[in-house]
Each structure stands twice: as structure tokens, then as C-alpha cells.
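Asks: I would like the entire structure built from these sequences, with the hints used as guidance.
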Amino acid sequence: MTGQPPPIDPRDRDDLVAQTTALATRYSGWQPPADGRADAGQALIGVFARFAELVVQRLNQVPERDYLAFLNLIGTQPSPPLPARVPLTFQLAEGSRTDALAPAGTQVAAAPLEGEDDEVVFETGTDLVVTRAQLRAVLVDDAPGDSYADRSAEATGGLDEPWLVLTGDGPRPHQLFVACDPVLTAEGTKDVTLALATEDGALLDEWPISWAYWDGAQWQPAHAGSTPQDGAWTVTLTGLPQLPPYDVNGISAGWLRAQLDVPLPHGASGLPIDAVATGSRAPQDSAGGVFPFGESDQGRFFYLSAGASVAALGATVRLAVTLTRPGQAGDPATPVRLVWSYKDGDEWRRLGESSTAAETADAGDARLRDGTLAMTRDGEVSFRVPADWPAELFQGRSGHWLRAEIVQDGAAYATLPQLASLTAGYDWDLPTVTGIEVRTQTEPEPVAPPAAFAGGTPLDVTKDFHPFGEQPRFNDTFYLACPQSLVWPGADLTLKVTLTNSPDGPVPPVLTDGDPRIVWEAWDGARWRPVAVDDTGYAFTADATLLLTPPDGFARTEVGGVEEYWLRIRLIGGDYGVAAHYTRNDDGTYELVDATFAPPVITTLSWSSRQGLTAPVAAPVCVTNNDFRLVTHLRDPGTPWSVIPFTPHPEPDPALYLGFDQPFDTRPVTLYLQVEPPEPEDVAADRLAGTDPADRAGLVWEYSGTDGWQPLAAVDETAALADRGMVRFVGPSDLTAREYFGQSRCWLRLRLRHGTFPVPPRLRRVLPNTTWATQAVTVTDEILGSGTAEAGQSLTTAQNPVLAGQRLVVREPERPAAEEEAELTEAEGADAVTVTEDPEQVWVRWHEVTDFYRSGPQDRHYTIDPRTGEIRFGDGQAGRVVPRGQNNIRVTYRTGGGEEGNRAEGTVVTLKSAVPSIDSVTHDEPASGGSAWEPLDRVRERGPRALRHRDRAVTAEDFQDLAFACSAEVARVRAWPPSRFDPFDLWLDPADPQPGSAHAEAEADAGRVGVVVVPDSSAPRPVPGLGLLRRVEEYLRARCGPTTALWVTGPEWIEVTVAATVVPSSPDVAGTVGGQVEQTLERFLHPLTGGPDGAGWAFGREPHRSDLYAAIEAVDGVDHVHALEVTQVAHSDELGDRLDAVLGRTLAQSAAEPAAAELTRWLERALVYSGRHQITVILGA
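For what it's worth, the numbering used here labels the leading residue of the sequence shown as 46, then goes sequentially.
Please keep in mind that the hints were generated in silico from the structure rather than gathered at the bench. Be a bit skeptical, because a hint or two may be false.
[As the list claims (entries may be wrong)] Each computed SDA-like pair below joins lysine to any residue, with the alpha-carbon atoms no more than 25 Å apart:
hint	residue 1	residue 2
1	Lys508	Gln486
2	Lys508	Thr586
3	Lys957	Gly787
4	Lys957	Gln844
5	Lys957	Ser976
6	Lys508	Thr628
7	Lys508	Thr539
8	Lys508	Ser530
[Claimed, not checked] Now the in silico label distances, taken between C-beta atoms and shown as ranges:
hint	residue 1	residue 2	range
9	Arg629	Gln529	41 to 47 Å
10	Asp737	Val452	39 to 45 Å
11	Gln152	Gln179	24 to 30 Å
12	Pro290	Asp537	28 to 34 Å
13	Ala231	Asp569	28 to 34 Å
Cβ atoms here follow ideal geometry from the backbone N, Cα and C, with glycine treated the same way.
Replies: This is the structure:
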């Protein structure tokens, strides 16, 4: 019964006047005046009608009164106001040397708003120790991804952004530092060759390893080439400069750094296989019960897909195979042979071969080993992950696919194997380095030639000059000296030539029409011999860098009186122009032709030389950096190294690390985790319907103790990061500073022990020294009155309303009997009975009940009306009578609550209670949760439902009612039973007891119930938090059948965007009416408070164009709507396009074939919300 009952007497005052006038006229002879003027009779009738109207009104209220009395009889009471609450952070005064204590009941106030007279007072609920330990570091360790994230700025308020709790954003370091002074710190540019002594050179060469050097400011990438060799891995770094000293783990030297650029997570085992497939059948998720090569007829292929983490480069995959029925070879003399392959694009690449006779018939490069002997026994199949094993699409499923193929023809198995289970795991073959040798090939800085001659004329090479003179002729010679420091046996010389008149220079270029040709020669002690030049056609016609190889025996000689290592360059052909000359014309006359010389002019020449590789030098030290832990390895000349450069992540589980600058005292500590609400799509049924409650994340708090990580006995309100809340613990006495992530801190960590999150949790802040405060005032030990020993005594508190949780005690003349005291302790706690110094004066806590219907004569029960504060005791028959005594009834209670406590962030900051050493109080999120008394309409609607469901969830309506009653935060609920479920589909005909597809579908649907919850919120999309969803789910699970498959989610969402062109009623309002229309549409499309009647939108209800026309044209200043376009977009990853097509259909298309059932079900779970509208205002004609 949710509406008003029909009236018992429908007459109103006019009806009563008319009826009384007719009766008076008929029986008394009185007649109303003919002129219509009122007389005494009409006045008397009017008075009578008014009193009769009051009687009728009260009579018509009798059903409502009886209905409310019935609700009261069955124990239905309006919910009292709820106080707002807010997390308050207390700031310790600067320079305080001790922790401070903010006791429970510390009051903090918010200033009155406009129109309010009194400030709003909040009280803390528990004692808070304000610790001196400051949170300095917050880091995320994403162990499965071998990554991390530094969230210190976000968590401490330096950056106001939410962040994923257990997801990293950068790789964890796996680095090898190599120092070899003075080789690496020598002057000049050089190529460095490192020979790492290892038997795992091939593996190191497969791994993506990048090299870098320190340039004095930062790490610069180095160009590297590597080659695996027998017993070594050789890496050559080219073009390295002189390395400045840099400190690595306390050692100052010139350092090279090798970094592994692939994740190296902790090994794992027991991971589920993504999918398996037999032959051409479609892949399935579970391997249990699968016949890899068929059940009766032998197939050829068996496929399985491993996860991305298993397929990590460099890992060794281990497949644990358990067989229900081992295979048996058809002919013992002919073993079954299996070829194992992996999918790479369109090809299957061979890993190796196994058989029933040998685990490794052909191990291959992957080192395949089949401990199952071709699936004839339980065992393990292992192989090294190849470098080119990508995720591929196979039969509609993406994954890293493997294939086992029976290679022989015919029936290889007499008994085909059947799998009981198949899981995957992986570990790492880690290369070990036993030594490092360093060799260099240097390239000194370029130097100028010590001397040069053009023929016999000395040249000043510091200025521009003509190497062959200004008018070169055949066999003109340019002599160029080479610095002695660059000449050694086998050395190659590099000559860099820069011309003044190069083709792109500022003066006319060298003339090349004459095709000049030159030859390079060097003195070998006896004669001039040719010099090999990499550019044989070069003739000083352009800038160039030439590589010259002098002949063997390159020797010094004297040119122009100067003894040096000389090169001779001769012009042996062509020309750089010709001299002026006369030419004879056809008529016998002569014509002068000007000279055309344009010889090369050189601006600079510079020599450089590349030395050969130096003798190897053993690196004296290297440092490994794995997991931010630097380990120094010093070379002992008598002992070979055993260095593992790259080691996997030491932890298997992801965790959140909190680093404090000092240990806590052994006192209670409180941390506040500000969990960010999920995104609307994250909690929709698309995401959450398939989650398994048994696989929920399990978190554990730990601290760094003297013996490593120790369990921290913490009380965590966040319910595995599902909702914001406090984490409380006592500071461990052995909390020890340790180094993690390169920082020495006193660490706490929150570790994911098992399970998964339905939605990846996000945090915004981590706040120490924070506690809950509620908008309420505590009244302690108020003397309620004196017991009179009278039946049904009632007393009233001094303040109201009274919030839940009051404590009422009565002083009694003697201690309760042992049995009574045990019952009191069970109901009220250990302090239910308090004995004073006078053993005859005992304070006993009495128990609140909703009524006395089940109270006995000796039950210490009372009822309370929270609205008025009236407390009523029993009459001696139903409930005990309060014993006589002076001021022997006391009560401690809280009063307050209501919507006025919902205050903005940063407003509850006025400390009302004096707390030593506290500087200030802050809060970074608004106070929320305050609500007024439950409206009577909601009480009338809620009350009868309790009679229907009796606190048990059986029907869909029961689930809805109980979810609604679970929390005042719930504003809208919809329960969805299985679609098309018919119990008769579970019937099996005795004549044919084999279950068919209909039976399987019915069995899968049986017991599935979905509940969609919408919280009470003014947000455009009210999104339920994970904490609320979990509370509703737990509340329902405690009240439904044990076989119910229940999922609780938020709604699906349909974004409604309106593009409208409106005509204003007057040009004066044209500038403002557009904004008013937009605001009206936002209010109209709110899922809870919008709609034509302001009651929100029903699930699956789409706004009609007529609804929107009416809403827009109701806006003041709108004359009419000129044009209207409505766009509806469904937020669904899987069904989005198909849903948009359904939502975009027109009225003419509505008779078409109905949408698929899954689309209909999605739409029935959906609510509309307002998008961003486009309103155009035009003036009418």
C-alpha cells in the first residue's frame, strides 16, 4: 500500500452546505432569502458545515491512521536522521618533540552559512594519537609486471590526481655498471669493446639490452653492437668520449651501464591456461577432462594458449600436466612422436620433438623437455621462450599459441590420453658472468698538418691557400706532412678537407669541366709509393673526409728542408682551367680567349688516426642494480667472478609501500586511505556480472621488522580498497628502517596476497593522523531521572533527536544473578555491569528494544523514541520496572544529524576543544552522509514489504526490497531474475534421461540473480562505490539461498545529448534563455530527480521527443522549439555499436525485427543521463 486510501466520505464543504440547506428547507420551513443575501440561517448552516467538514476530514484520515498504527504494530519506525561525517587530519605543532593525543569527543566546528545562526559541530569518535612520523614516500610495486610507480606527490597532496594502487608506470631497474679506469677515462673519442666471460652469450644477445655512459650530467645512450661467442659475449660501443667520474654505490669512476629493457618478474607456477583446442574444435577455457587428440577417433593436433606473463622473453615455460587417463602407444616398438611448435604469424615454428621413448628426442634451441613422454604419464613439459613468439589470433581467440602434433601416420595411440589438469608456470635461466675484459680503439682529436708545400713554395695552412698554385699545370705537386703522433704500423689516416670554393661555398666553385685527376703517394724510405684512398676519384673539388692507408714502411723524409712523414699529391690528368690563348677563326683572324683557371682553395685541413684495439684489461669492479639494490663486485685476481647481472623481481605479489621518516611509538596509529570512487563503466553489469566472489582480492598489511617483513595487526575499514576508510594499528616495537626503492625509510606495505579486484582500485590521498568526525554532540551521563518502581515509567532526554548508540544505565541495589549477568554481558558487552565502591550500588546497562511484545517480567528492556528522546520502561509484565532510587537513571547519547552537516571541503576547521601540541585541523574532502528524518511516504512504502519478504530473499521483489533496506545510501534498485527461465526445462524424461541443450541452458540460468544499485547522489551519473556494492551483496547473501548466483552492480548508462534551436519570447531574453534551457535539460535528464514528474527515470525508459519539447518550452522566455535533435549513446565496450543502432531507430523503424535478447536485457538495466547539449537561439520572424 503506497498510495492514499480512497475517502470514506467524499463530501467537501460545498457539498455539506448544499445538503444541509436542502434538509433545512425541507424540514424546518426555512427558506433562503430570495434576493440572495445571507441571513442568520445561512450563517448557521455555514458554521455547521465547517464543523462537519472537520469531522469528515478526520473520518477520512482513519484508514491512514489505522495503517500507520499497523506499521507501528509490526515495528516499522521512521529512520532517524543520520549525521554527516568527515575525515579530519590533525597537524602537529612545528617543533613538537612528542606525539599529541586528540581524545575521543574532540570538537571541531564549521562556521554557519548564510541564513544560519549556529555553527555546526563535529566530534571525533575515537582517540587519535597524532604521531611525529611523517609519510615521506609512497611507491607502487607492480611485481607481476616488474614495474613500479612513485606516487609520493599524489598521495601526500602535492598533486591532486587519482592513481592506480597496484599498477606501475615505469620499469624496475635491472642494470649492470662496469668501470675500468684509466681505460674508460682516457682522453679522446674511442670505441670500447667489452668481452663478458659467460656460457650464456646467446641468451644475453637475445635479450634487449641497452648501453649508456655518464657524460657528467646524465646518462647518454651509446651505440652498441654485440656478438655471442664461445664462452663470451662481446659488446662494442662506438664513439665514446672521455668518461668523467661518477659515483655508483660509493665508487667514483668512469662508468658504463647495461640495462635490461624487458620485464623480469618473479617466477610463477599453477597459472591457468588461457584456452585449449583439439583439432578443428573451437577453443575452450578449461583443460580439465579434455582429450588432447580426441576421445575415440585420433586427431593430429592439440593446441593450447599461454598467458602473456608466461611468454616472457628469456623465460623457461613449464607446463604441469596431470592425466585422468594416460595415453598408451599402439606399438611399443614404434614410439609416439610429438612435434611441439609455436605460432608466429601464418607459420608454426618448431620448438622440438618428444616421444614416448625419450623426453628430448630433439630438444632444439628451445631446450624442449617432455616429462610426460608424449602424454603417457603425469609430468612437466618445459622449453625456453623463443624471441619471436607474439600474441596471435587463432580460431577467434588471441593468445600465445602452442601446438603438439602427432607426426606418424595411423593410430599412434592404443589408448588416447585425457587431461585432468593443465597449468602453466615460468622461471628464468639467468646468465652468469665470470669476468669482464675491456679493450679500446681510440680516435684522438683532429690535428692540423705540421707543414705543407705547393711545389717548392711553403704554405701557411692557417690561412686559405692554393694547394697546386693559382694556375695548376700537369704534374704540379702538393706536399702535405702528417703528424708523427698519428703514424704507426697499420694505422689508417683520416684527412678532413674543407674548401673555400666548394660547390656550396661563398665563392665560385672549383672548375671540374677539365676532369682533374690526382694521385696520392708516400715515401717508404726508398721511393714514392701509392697511398690507398677510399675515394679514388677525389680531386679537391668538394669538401671531403678521406680515409688513407699509407704503404708499409711509411717513413720520414725531407721536403723543403723540413723532415716529416710526407704525402705527395700530384695533378696527373685533366685540369682546373686553362691559360689565356689565341684561337684562329675561319676567316684567318685570331681571337684572344681569357684564362679559365678556377683551382681549389683550401680553408682547413685536419688529420686524425684510428688506433687498433689495445690489449685487454680486466675490469676491476662492476655493480649490479636489481630491485633498486646496488651490489658491488670487486675482482679478486685469484678468484673468478660469479656475477648474475640481472635477477628477477624478489617479490611475487604486488604491493603498496608507505615510507615514514621515523618509527612509530608503540601507541595506536591511524592512516586514512582516500579511495577514489570507480568510474561509471567500471561498476556496470558489463564488467562486474562475471566476477566470482570467491576470487576477491585478499590484502595483508606488513611492516619492515628486524627479521624482514612481519604481519601488521591492522584493522582496515576499506574492505580491500573497496571504499575509503581508516587503517588502525599499534606501532610495532621492532619497526626498522630499511632500504627499498633506493630510499631508507620505516616501511609499511599493503600486499595483494591472493585473488583479483573486480575494478582496479585507485587512491587519491594517504593521510596519517586522521580520524572520523561526525556531526553530533555527545551528552555524557545525563541524569535522566529517578526510578519510581511504577509500571510503564517514561522519561525524556534533555536534547533530541537521539542518534543510535545511546547507553542507558540504572543503579540497582544489588548485583544481578550470575545467569542474568551473563545474558547482559552477551547483549551489551563486557562492561554491562559496573560495581561501585559500595557493593550494594551496582550500575547495570539496560537493553533497547523496539517494543515489549517479547519482553519478560525480568528483562531489563526499554524503548526510545529518537525523535522526542522519550524513554519508556516496562510494566513488570512486559519488561522490568525500574527500581526506586534517587537519580539512579543515567544516559549517554549523541544528538545531531541532518543535512546541515554536509559541508564543503576545508570548512570544518575550527578547533573547539583545547588539544595540546595541535596546530590545526584540515580535511580535503567534503563532509557527507547527513540526512533528515526518513520521509513518511518512504516509511509507508517500506513497512509492508517486511511482511512480504520476512527478511528472506526469494523473489526478485524481495531482493529489491532488502537491497533498498540495506543502506540509506541506496536510492534505486532493480533485480533481474534469469531471462526465459522455466523450471520445467530441468525435467528429464525417464524414457530418455539424457540432458539436452535446453536442460544445460536452464541449469546454467537457475539461481542467477542480478541486482542493480543506484546510490542517492546529485552527481550527473550516481555511481555506487565498491564498498556499497559489497555491503549490499553481503547483506543479500546472508538472506538468500546458498545456491544463488548473485551479482550486484551499478547501472548501465545511456548518454542523452540534445541539439535544439529555440525561439525566445522576446529579444530581451535571447542572451540568457540558452543557458536556462541547458540547465533545464540537465535537471530534466538526471536519472534520480529528473523526468516529467521529478521522480527520475525508470530503468530502460528513454526520453521521448515530446518529453523534451515539453521540458524546453516550459522554460520562461522560450516561445517555441524550432528544431530538435536527440542523440543517445550507450556506454558498452562489447555491445556499443549494436546498442547505438537500437537507440537511434526512428518511430517508423519500431515495427522492425526486435533487438536481440542481450541488447534488450542491457537496455532494461540502463538509466539515462545528461550529456553536453547544444542550444542555439534564433529570433522569430
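Asks: Does each hint fit the structure? Answer for all of them.
Replies: We went through each hint and held it up to the structure:
Our distance criterion of 25 Å between C-alpha atoms is broken by Lys508 and Gln486, whose separation comes to about 32 Å. Of the supplied pair hints, the one linking Lys508 and Thr586 holds, its CA atoms being roughly 18 Å apart against a limit of 25 Å. Simply put, Lys957 and Gly787 have alpha-carbon atoms about 43 Å apart, too far for the 25 Å limit, and the pair is violated. The suggested pairing of Lys957 with Gln844 holds, with an alpha-carbon distance near 20 Å, which does not exceed 25 Å.
Between the alpha carbons of Lys957 and Ser976 the distance comes to roughly 24 Å, so the proposed pair stays at or under 25 Å and holds. Between Lys508 and Thr628 the alpha-carbon distance is near 38 Å, which puts this suggested pair outside the 25 Å criterion. Between Lys508 and Thr539 the CA atoms are separated by roughly 21 Å; this keeps the pair inside 25 Å, and the hint holds. In summary, the hint linking Lys508 to Ser530 is supported, as the alpha carbons are separated by about 23 Å, within the 25 Å threshold.
For the hinted restraint 41 to 47 Å between Arg629 and Gln529, the CB-CB distance of approximately 55 Å leaves it violated. At about 40 Å, the beta-carbon gap between Asp737 and Val452 stays in the expected band of 39 to 45 Å. For Gln152 and Gln179, the hinted distance range of 24 to 30 Å is satisfied, since their beta carbons lie about 26 Å from each other. Against the hinted window of 28 to 34 Å, the Cβ-Cβ separation of Pro290 and Asp537 comes to about 32 Å, which satisfies the hint.
One distance hint, 28 to 34 Å for the beta-carbon pair Ala231 and Asp569, holds here, with the actual separation near 32 Å.
Figure legend: structure checked against the earlier numbered hints; hints not met, in rising order: 1, 3, 6, 9.
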